[in-house]
Amino acid sequence: MRPPDQKEIQAKRLFITRTLAILVFVLVAITAILLRLYWLQIQHHDHYKTLATDNRIKLLPLPPARGEIYDRNGVVLAKNITSVDLFITPDQVDDIPAVIAELQKIVTITEEDIQRFGKLRRRLRRFEQVPIRTGLTDEEMAQFAVERHRFRGVDLGVNLRRYYPFGELTAHVVGYIGRINERELERIDKAAYAGTSHIGKTGLERFYEEQLHGDVGVQRVEIDAMGHIIRILETQPPVTGEDIQLYFDIELQKIAFEALGEHAGSVVAIDVKTGGVLAMASKPSFDANLFVNGISFKDYNALRDDSGNPLFNRAINGSYPPGSTVKPFIGLAGLETQTVNHVQSIYCPGHYRIKNAGRTFRDWKRTGHGTIDLEKSIEQSCDVYYYDLAYSMGIDKMHDYLAQFHFGTQTGIDMPAETSAVLPSQAWKKRRYKQSWLPGDTVNAGIGQGYFLVSPVQLAYATAVLAADGKLIQPRLASRIGKQSTLPQGMEMESIHKTDPQNWEHVIDGMLAVTEGQRGTAKRIRNEHYRIAGKTGTAQVISMKQNEEYDETKLEKEKHDHALFMAFAPAEDPEIAVAVIAENGGHGGATAAPIARRVMDAWFGIKPEEPLQRMAQEESDE
Amino acid sequence: MNDSILTMPQRQSRALLPKLHIDLPLLTGLLLLCGFGLAVLYSAGGNDLGLVKRQLLHLGLAVVVMIGIAQIPPGRLKQAAPWFYLLGVTLLVAVLFVGDIGKGAQRWLQFGGFRFQPSEIVKLAVPLMAAWYMANRELPARIWHQVVAFVLILIPAALIIKQPDLGTAILVAAAGIFVLFFAGLSWRLILFTCLGGAIGIGIIITYPDILDSFLHEYQKRRVLTLLNPQNDPLGAGYHIIQSTIAIGSGGIYGKGWLNGTQSHLDFLPEQHTDFIFAVIGEELGLTGITIMMMLYLFIILRGLYIAVMADTTFGRLLAGSLTMVFFIYLLVNTGMVTGILPVVGVPLPLISYGGTSLITILASFGVLMSIHTHRAPARK
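Sequences listed follow chains A and B, in order. Counted from 1, the first sequence has number 310 at position 310 by our numbering; the numbering is strictly sequential. Residues are numbered in our numbering as their position in the second sequence, beginning at 1, plus a constant of 622.
Okay, chain B solo, but in the shape it has when bound (with noise of 0.2 Å):
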């Protein structure tokens, strides 16, 4: 579809964008992606522009560390790999000793006045390590080098699982995985994961009981509410009850900007976080959300690009697991919201509310436009 775009000549090299290493096309469907969020926030925050506000100094933050890192060339990201790596496990570790508890979780470090999520490190960490380790070998890779590429993936993973917040760990093994496939993780042992997965799920749905030989009573409940929200009427399965009514009501062209009732008479649970895409599957309808959509395939399509361009292995293995990852945020997002998968942790990327998430997500654009702009001078 869009290749006149994807394709864009090198033409403007003398032009302040490439100088600033700034990839534009990628920039522009992430800012319009960014403001059509803004909109969407000041809806589903109830009018509060406060929060609007809030969240364009978030996006700000986020677009100065995105183009601070796209001016690391991408030779450093990989001789810092291991060192950021390492950091971030430490990091992970001492969560789980000192880390503050917040709803009932405990993700947070202090240091002095400033809080932060080391796991969202680990999410740049992980790609990062996985590229680093497979660059250095012969592609496809050995079975042995696998791996270990696997067991430094699971680590970090395991231990956010451990605080426990499963959304990030879905994202953080993820980011590591597709790096292995895209440096030739074998078909037959995707299918065989695969289908070894629906199996256990499946047998799991079925006779629940299977799980009280290895775990405990609220573990099997915790487990079995997550397959099957319906399990919990008071938690995730009155979200996902009023997410699909809302989204189901807004039909083909939505009930306009601000005038969701779902969203304004307070049915929807977490409306500008996590569930943000119900208020715009209302309001917007189909339509709203298609091309919104086709903003996210987009900037999905042009990562896909810049990774088919890079110059290095590391680049080529990093662009797309990153590119990935950020898809991952949607599907997992939209999946959980229109009831086909599991109500798991995620926010809709670069819409929901929250900086965290938001400065990460661009963080990862900054190092692949890092890397599509410091590639050696094509030679023909």
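Chain A with its partners taken away, still in its complex shape (with noise of 0.2 Å):
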């Protein structure tokens, strides 16, 4: 080391100048805080011990009322009840279980109320009241008001509890409500949540939490030092939630659970004009009411270990091969990146071959449909022309051009954790598999089928969006938060660019052809009271090996074909848009098409004078 210079010298004379400087500071600062405790712990012991003792000034949370859900003609969907629950306060209690046991000569207390007790009682601490019965029925109130004093601990609380008067028929949509977990007690604000046991776990319920929550209030009150209130100080009113009014309609939704009949599936309808969803089904659904207050083991796990999957929201988060109800968006698609043109024929022998690869790609008709145009191709739901067409186009053409139709993308409709599900792209399935695309995937795609998904809401949405002549309007359940619109004010809406507006009417005419046409797939819904353009759909579950024959008969009831159709409805100034999907169901045209009629029918008032008879099997479908 080389000898200390001058400047070090400064340096470090300098720093102990500035230590003893900072020294004063921390001794300073010490003695301050020290005389602000003597201050606090000698000078006013006295005054602080007194409020510690006697009187003691407590914060009372006031929880809001949580704003309610309505249907499009103010049906309420979601509301509050009154309940008067039973509470135990176990730092009050000595022996629990023998309180319980004298409860129960007085009140019914179930096992599962016990257990779920239980379970409550591990998350709150020793002083909070856990509710050991909820919703007591009048004499039982009464009973127990008599009996009081022999309960120390026990208490009568009245609350608001949530309740859906629609159980099934809601528990997708509107979803529920439940006791506030740790890993949303970690999310939440926990001053705004004071007091609030309730949370909004699916469904709208979760989606307009912040919105449906309303603000805490709070009372400052005096307490002795047994906990009793003396008085209270002041009083700060909670404000309750806003109520949310919904596009939806309930009976539609009745409608379309209805005519799902006995096929898991989903049904989505949106109103063309104002982007609205009118009825939004997911079957097998389950009753959102039992969650409420804590599902018990049971039936949890009954809903859990169900292999129909009733908890799952097929509408948002069932991913389905969309088979031949894309050939209307792949058509345009041609049209529009001018691939092809409406008049343009292929001739189909029932089997297409890529040139140079082996594989041979069959028709659903094995006779072929002869010479075929776009319209035709719609009609008939040709496969061979789509395939052609496919590989004319290229995967990353026809993925750029569905992709404005919100296909593998979120629809961003107002419901928590929607899918993408897939639209396949060369650099799709290199980020997801690692492999390079084939022409077969191309091939396979163009009839909606290999790794082409779409969810109910998609497909309805991007039926939606071809009624509405490419207007981008998002789908959104509710109308009204409060008291604010939620339709985007004066703004342009975003449309999907057209190279020739002729176009879409060729798609649209080749839709009609399917209900009205000769050989259209779905001609059994034609009806005269309105038109119908909408495409079927079938499609496969399990792959065919190459020569292997699909026969129903033969196969279980989860390889059978999923049956889909989508619609709108007039045909010159649409409405409505429909997306069915039936699983297992078969045909589309023969299953899915007749339900979608039916919701449609609803819409328009038109009363099912005559039952949709499922006609024979000798109508040509796919």
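Simulated from the structure, these hints should not be mistaken for lab results. Take the hints with a grain of salt, since some may be wrong.
Said to hold, decoys possible - With a straight-line Cα cutoff of 30 Å, these simulated BS3-like cross-link-like pairs (lysine-lysine) come out:
#1 A/Lys554 to A/Lys523
#2 A/Lys483 to A/Lys523
#3 A/Lys119 to A/Lys105
#4 B/Lys700 to A/Lys7
#5 A/Lys254 to A/Lys607
#6 A/Lys201 to A/Lys119
#7 A/Lys523 to A/Lys254
#8 A/Lys201 to A/Lys483
#9 A/Lys429 to A/Lys559
#10 A/Lys523 to A/Lys365
#11 A/Lys376 to A/Lys397
#12 A/Lys273 to A/Lys559
#13 A/Lys254 to A/Lys79
#14 A/Lys434 to A/Lys559
#15 A/Lys201 to A/Lys190
#16 B/Lys842 to A/Lys190
#17 A/Lys190 to B/Lys784
#18 B/Lys641 to A/Lys58
#19 A/Lys190 to A/Lys254
#20 A/Lys119 to B/Lys675
#21 B/Lys641 to A/Lys12
#22 A/Lys12 to B/Lys842
#23 A/Lys190 to B/Lys675
#24 A/Lys365 to A/Lys376
#25 A/Lys376 to A/Lys273
#26 A/Lys523 to A/Lys471
#27 A/Lys483 to B/Lys842
Hey, can you piece these two chains together into the complex? The hints should help.
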């Protein structure tokens, strides 16, 4: 080490001066704190001692009432009902099982109640009230009031409880609230949720949690050493959460549920003009009321293990191969990218072979469709036409055009955790499987099979965009939040760019032929009241080997094809767009199209005077 | 006061501790305080042994980190300083874009299953950087150099305020500014800033409407609550009312360990984290607090002694600054809980529950030990 020079000595001297200065600061500050403590703990000790032992000021949070949810006609779908509940404060009770046994003599307390009490008790602190029974009857209340003196640490409380009058019908749409769990506790603002025990878990209850919750109020009260309130010093009332009105129509939802019948699946209906979701059925469903006060293990296990997966919201989270229902979109992509024009036709021999590749792709109709142009290809759902179109267009061009309809991306509907499903492209396959794209993949995608997946809400939305002449109105369930409309005001609506508006008309003509043409795949739903433009789809659930024959009678139900249908009506001035997916329902035209027809009939107020008979199987179908 | 211990002779050079680069007086003080903290935590956490065990685990990890850092020679730390600083600032920027939001603030970064707050890295990186920058200048530093150093400090502090985390921002800024102070920040400037700040706060309290022109309504409310907690009876104000009652009712000797009524009836908010000082005041009284304060003072004095004895400017500045940050923790926390300073989320160092701050604090003492034990042998 070199000898300390002048500069270093100077720096060191400076440092020592500064250290002495800081030392003075430290000592003064610590003295100040200790003086403050002297003031608190010695000079004013008596004052604070009195505050601590005799009268305490406590802040009681006043939880807000949760906003309610109404359908388009003002029918309430989620409401608050007053419920008288019985609570035990574990801190004040010595022998809890004995007290419960004693309570059982005057009010009904089931094994499940006790189980739930035990579960909650572990989560709450000793001095917090734990509900043992909710929703006491008037007699039980009176009984308890008489014997109350015997039960120290047991109290009655009046609470608002969430109730869903339509149970299964709205379970997936409205969702449900449940007790705040530990993970949510970390996420929420604890002050805002002081006194609130429940939070939106799924569906609209979750998506609009912030708006529905309201603002907590507070009451400053003076309490004595026993914890009894002596007087109320100040009240700042809570602000009720905002009510939410939906586009959703509970009557239409009922029809959609009925129309699905025994099928698992989904129906989504969208108002073409506003983007409002009119119905959104997912079957099988469950009773959301089970979850509000903590579901029992038994009920939960039953729901979880049910092979029909009732807790799963198919409309938003289900991904299905769209099958032929995407043909109008792919046809449009072909026209708009100028890969084909609408008069060009091909010859369909019933199978298709890529040049220089061995694999043969079969048409659903083994004998072939003959000479086919765009309109006929939609009407008859010719696969070969789309094999060829997709192959000439190329997957990436097709991907880019279809992406505009929100295939492969979330539609942005006001529901939590929407799936984006899959719109395949070369880049996607690289990312997902680290494999390169094969020509055969393109051919498969051309008929909505292979990697292509859509959710029911995506299919309904894309149909609505087609019906709205390319206008992209984000689908929404809520029409009003409090007094505010959710419709974007004064904004230029985004639209899909058109190379030639005629192209859209050709495609829609094809879709009209599906229900009205001689060989239309859904001609059974044609009616004299209004015109339907639609497209059937029959999606394979399992892949068939080259020479294997699909035979429904030989397969288990889970391997049957999914039946799909998408449509809008009236064709001249569209009001409603519908997507139907009936899992393992077989043929789209036979199973799914009549479901859509029933929903549309109901929307247009047409009574089903002639029951839609299932016509014989002789009709042509995919 | 404790001079005989503070100037412990270097006799035991062949013993194990110096070989491990551990400073015994500092280690003793730290462990005593941590032990005291665990006992208080048991009471504050509602007799929850699990909580104490978890904190003991944090402590073990923190001690390992401290000893690990003590092995790194200060020269290495100096070389790494600018890179460490760059890393910290980059992560802070990242947190603004991709950070997790926890409890209404965006502070966390996720790496695999591992979550951490980049602001903790910056608590060490800023004094390192400032000391690195100043160590290469002639001291007292020129105004120009002071301005540059000030900007280096302000960038991460501003990023942390944006998260928003005022408490950490104050600690980070303090860490840098203390380096400047030890490097000869002009007294006149210090005086003007303090005076200006005091006048500014005075004006805001007297005429709060002055804020309307450049702040949103909610921001204004937040500033006013900070200055006067009584404005917010549900939040900050409630905390202060309850903590002063707890402390005041403790008296000279306190109500006894585990016997604090305020703490145990759950009137005290965040009683095992930021407000644990109130539990100590209630249960152990002025006596207990005074003993604890002496332990803190001992650690601070030992830290300043290490700073004065350091053989490089870098070591001096860094050791001085890190010791003072430790003191600022103490001052801001005790000032807040006793109601003489605004409510800012800063834990009571080494005692409040929480692993992150414990590790950062002991890491900074690891740096102090490194500075003290890697000195060139004295030649007299």
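Against the structure shown, which of the earlier numbered hints fail to hold, in ascending order? Those not satisfied are hints 2, 12, 18, 19 and 22.
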